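**Q** Please build the complete structure, drawing on both the sequences and the hints.
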Amino acid sequence: MGAITIQHIVKNFSRDIQVLKDLELQIEDGSFTVLLGPSGCGKSTLLRIIAGLETPTSGRVLLDGQDITDTEPGQRQLAMVFQNYALYPHMTAEQNVEYGLKIKKVPKEERRRRVQDALAMVELGDQAQKRPAQMSGGQRQRVALARALVKSPKVFLMDEPLSNLDAKLRNQMRVKISQLYRQLGSTFLYVTHDQVEAMSMGTDIVILNQGKIMQRGTPQQIYTDPQNTFVAGFIGSPPCNILPWNRGSVAIRPEEVRTAGTGEPGLTMPAKILSTEQLGDDSIYLLSTPLGQMKMKRPCNWQQQEEEIRILLPAEKLYFFDEQGDRIPSTDTLRQDFSLYLGHCNMASRAVAD
Amino acid sequence: MYTLRKKCGSIGKHGLLVLLSLLAVFPLYWMVVSSFKNQGEIFGTAFWPAAPTLENYTYAFEQMPISRMLLNSFIIAIAMTALQLLTSILAAYALTRWQFKGRGILYTMLTLTWLIPAQATMIPNYIQVNEWGLQGNPLAIVLPFAASAFAVISMYQGFNQFPRALIDAARLDGAGEWQILTRVVLPPMKATISSLGILLFINSWNEYLWPMLVTKKLESAPIQIGIKSFVSSDVNMWGSLMAATTISCLPILIIYIILQRHIVDSFMKWGIK
Chain A
0 MGAITIQHIV KNFSRDIQVL KDLELQIEDG SFTVLLGPSG CGKSTLLRII AGLETPTSGR
60 VLLDGQDITD TEPGQRQLAM VFQNYALYPH MTAEQNVEYG LKIKKVPKEE RRRRVQDALA
120 MVELGDQAQK RPAQMSGGQR QRVALARALV KSPKVFLMDE PLSNLDAKLR NQMRVKISQL
180 YRQLGSTFLY VTHDQVEAMS MGTDIVILNQ GKIMQRGTPQ QIYTDPQNTF VAGFIGSPPC
240 NILPWNRGSV AIRPEEVRTA GTGEPGLTMP AKILSTEQLG DDSIYLLSTP LGQMKMKRPC
300 NWQQQEEEIR ILLPAEKLYF FDEQGDRIPS TDTLRQDFSL YLGHCNMASR AVAD
Chain B
0 MYTLRKKCGS IGKHGLLVLL SLLAVFPLYW MVVSSFKNQG EIFGTAFWPA APTLENYTYA
60 FEQMPISRML LNSFIIAIAM TALQLLTSIL AAYALTRWQF KGRGILYTML TLTWLIPAQA
120 TMIPNYIQVN EWGLQGNPLA IVLPFAASAF AVISMYQGFN QFPRALIDAA RLDGAGEWQI
180 LTRVVLPPMK ATISSLGILL FINSWNEYLW PMLVTKKLES APIQIGIKSF VSSDVNMWGS
240 LMAATTISCL PILIIYIILQ RHIVDSFMKW GIK
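Protein sequence lines correspond, in order, to chains A and B.
Taking numbering that gives the first Met the number 0, the leading residue of the first sequence gets 0, the next gets one more, and so forth.
Taking numbering that gives the first Met the number 0, the leading residue of the second sequence gets 0, the next gets one more, and so forth.
Mixed in with the good hints there might be a few duds.
As the list claims (entries may be wrong) - Each computed SDA-like pair below joins lysine to any residue, with the alpha-carbon atoms no more than 20 Å apart:
(1) A/Lys103 / B/Arg182
(2) A/Lys103 / B/Leu180
(3) A/Lys101 / B/Arg182
(4) B/Lys100 / A/Ser13
(5) A/Lys101 / B/Leu180
(6) A/Lys101 / B/Leu165
(7) A/Lys104 / B/Trp177
(8) A/Lys101 / B/Leu185
(9) A/Lys104 / B/Glu176
(10) A/Lys103 / B/Trp177
(11) A/Lys129 / B/Pro187
(12) A/Lys103 / B/Leu165
(13) A/Lys101 / B/Glu176
(14) A/Lys103 / B/Ile179
(15) B/Lys100 / A/Thr54
(16) A/Lys129 / B/Arg182
(17) A/Lys101 / B/Gly175
(18) A/Lys101 / B/Lys100
(19) A/Lys101 / B/Pro186
(20) B/Lys189 / A/Arg130
(21) A/Lys103 / B/Gly175
(22) A/Lys129 / B/Leu165
(23) B/Lys189 / A/Met90
(24) A/Lys104 / B/Ile179
Keep in mind that the hints were calculated from the coordinates and are not lab data.
Just so it is clear, the structure is predicted and the values come from calculations on it, not from any experiment.
**A** Now the structure itself:
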């Protein structure tokens, strides 16, 4: 078991700085929940409150229904992996992993067995006698993982554990952590600002901004069904184009923007290519349109000779948001309304050009 | 042309540094050489004694319980260093680790005590030591210097730079405050603590005025007090004074030769000379 309940958590760092604003969250047992958000959104603070390393200003933290708000970090049956590994520099890999068990006075034989198992799980059985300074970044992070594994905790807390690794190692460690999750079936709570990590590893994503939950759902739901302009403008690479509209705003993913003339139904408008970004498989075009600047993602074999093109926005791929930035269900009336607005903008821009 | 000028500049700079080093080392050299000169030669300007003699050393050892005083100096310096390290580690750990009301004020007050000259606290300390009945006891030399503001400030800086995540990791491992301090924080800070320890030891070894005030007998005094007794209003025993001074400098010189790199590092680290 390892279900966490966050009840009305508030965290103020001073009278003026409120990092978490009355947060409510239920983390299911056995889930891989990712707390995703920009820097300073409060995700690490929430994780540290769950770990017991920070005290909330108000609110409670429950683990399997039991209130652990005032429980010492070492008594919470949680393990944490830190961004900068936090390995004890004067101890070998084995001693680092063993230290927590030693404090809990686990018998020597059992301790040895559990340490060996944990190091073997992260494929570091032969590096047990090395100190952190003699290891690579990836190896250090695996020792940190083994230190968490050895405790057999109910919940694994991970605070941006891959941020200090290079891109190649990051991919390898992503696979390793996913494998461990499937193997152990424990609850994983993972903090990151990297949406690729969140989308590829999480079963459940919680998007935070300015101390509030903006949306929660599976990676698929978060990507295809953004509930507000923040999520639309945050998820995706590049994220959604957010276009002005007289009743709020409209968003469309750059990969859904097409070129007109294929007979596909949708709304069309003129666009001028301002710049191109080559990504290998795809290219990203920065366009100037009557609705402002927007991005279009096309396969890189799409050859565009001219600077002036016509683009098409498939009506069913448009997301509509009200003036507060909250999603409103797409209806024919809304689509017609936006079509009229677009027609008006097209005319206005033509008049300016003439 | 440019290389030649650069080379000349470099030789000039090094020449100046060598000259300054010689100026710094010369008094030490003069002390050692004078200690081997006889009474007739002592005021001469010869750089080497015509007939080197050990009579100054024999006289110094006959007149003074030098071995006993050296031992006293060692005991006093080690006790002072150990106590100052202990109090500074505990104080600095508390000040950096715990967020409590008045922490800033307490640290500022501690820092300010560093600015108070030793002469200002000497009389209150003297009265206190007398009240405790410690006059003449080596404890009287050590106790008033059991805590040092300089040591607290130095350790405070060291602890402040210590990665917080390591302490967090230890807390999650279930370690208590004492275990965090002794098993997690102090071992990686061994170099910092030993460099501070070296400085505190040298300072304690050179202590003169306070030990002179609170010791009554030469048997319980540190070597620095013994040296002074060769200088009196009637006769100055320069040869024996130089011999005793050389002996008193020897332990520090030996420590310096063994720990040369660490000592230079500590001077650089704590920014003092």
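**Q** All hints, please: hold or fail.
**A** Each hint, compared with the structure:
This hinted pair checks out: A/Lys103 and B/Arg182 have alpha carbons roughly 15 Å apart, not beyond 20 Å. Pair hint A/Lys103 plus B/Leu180 holds up; C-alpha atoms about 17 Å apart against a cutoff of 20 Å. Restraint check for A/Lys101 and B/Arg182: the C-alpha separation of about 12 Å stays at or below 20 Å, so the hint holds. Restraint check for B/Lys100 and A/Ser13: satisfied, since their Cα atoms lie roughly 14 Å apart, inside the 20 Å limit.
Using a Cα cut-off of 20 Å, the hinted pair A/Lys101 and B/Leu180 holds, with the two alpha carbons roughly 16 Å apart. With a C-alpha separation of about 17 Å, the suggested pairing of A/Lys101 with B/Leu165 holds against the 20 Å cut-off. Note on A/Lys104 and B/Trp177: the hinted pairing holds, with a Cα-Cα distance of about 16 Å set against a maximum of 20 Å. Between the alpha carbons of A/Lys101 and B/Leu185 the distance comes to roughly 18 Å, so the proposed pair stays at or under 20 Å and holds.
With a CA separation close to 17 Å, the supplied pair A/Lys104 and B/Glu176 stays within the 20 Å bound. Distance hint between A/Lys103 and B/Trp177 is fulfilled; the C-alpha atoms sit about 15 Å from each other, no more than 20 Å. Our distance criterion of 20 Å between C-alpha atoms is met by A/Lys129 and B/Pro187, whose separation comes to about 16 Å. Taking the CA atoms of A/Lys103 and B/Leu165, the gap is about 18 Å. The hint holds against a cut of 20 Å.
Under the criterion of a C-alpha separation no larger than 20 Å, the hint pairing A/Lys101 with B/Glu176 is consistent with the structure, at around 16 Å. Only pairs whose Cα atoms come within 20 Å are accepted, and A/Lys103 paired with B/Ile179 is accepted, the gap being roughly 14 Å. Proximity of B/Lys100 to A/Thr54 is assessed by CA-CA distance (about 17 Å); at most 20 Å being required, the pair is judged to hold. Between A/Lys129 and B/Arg182 the CA atoms are separated by roughly 18 Å; this keeps the pair inside 20 Å, and the hint holds.
Straight-line distance between C-alpha atoms of A/Lys101 and B/Gly175 comes to about 13 Å, which keeps the hinted pair within the 20 Å bound. Between A/Lys101 and B/Lys100, the direct Cα distance comes to roughly 34 Å. Violation of the 20 Å bound is thereby established for this hinted pair. For the hint pairing A/Lys101 with B/Pro186, the CA-to-CA distance comes to about 17 Å; that is within 20 Å, so the pair holds. For the proposed pair B/Lys189 and A/Arg130, the alpha carbon gap of about 16 Å is at most 20 Å, so the pair holds.
Restraint check for A/Lys103 and B/Gly175: the C-alpha separation of about 11 Å stays at or below 20 Å, so the hint holds. For the given pair, A/Lys129 sits about 18 Å from B/Leu165 by alpha-carbon distance, which is consistent with the 20 Å threshold. With a C-alpha separation of about 14 Å, the suggested pair B/Lys189 and A/Met90 falls inside the 20 Å cut-off, and the hint holds. Note on A/Lys104 and B/Ile179: the hinted pairing holds, with a Cα-Cα distance of about 16 Å set against a maximum of 20 Å.
Against the hints set out earlier in the document, a violation occurs for number 18 only.
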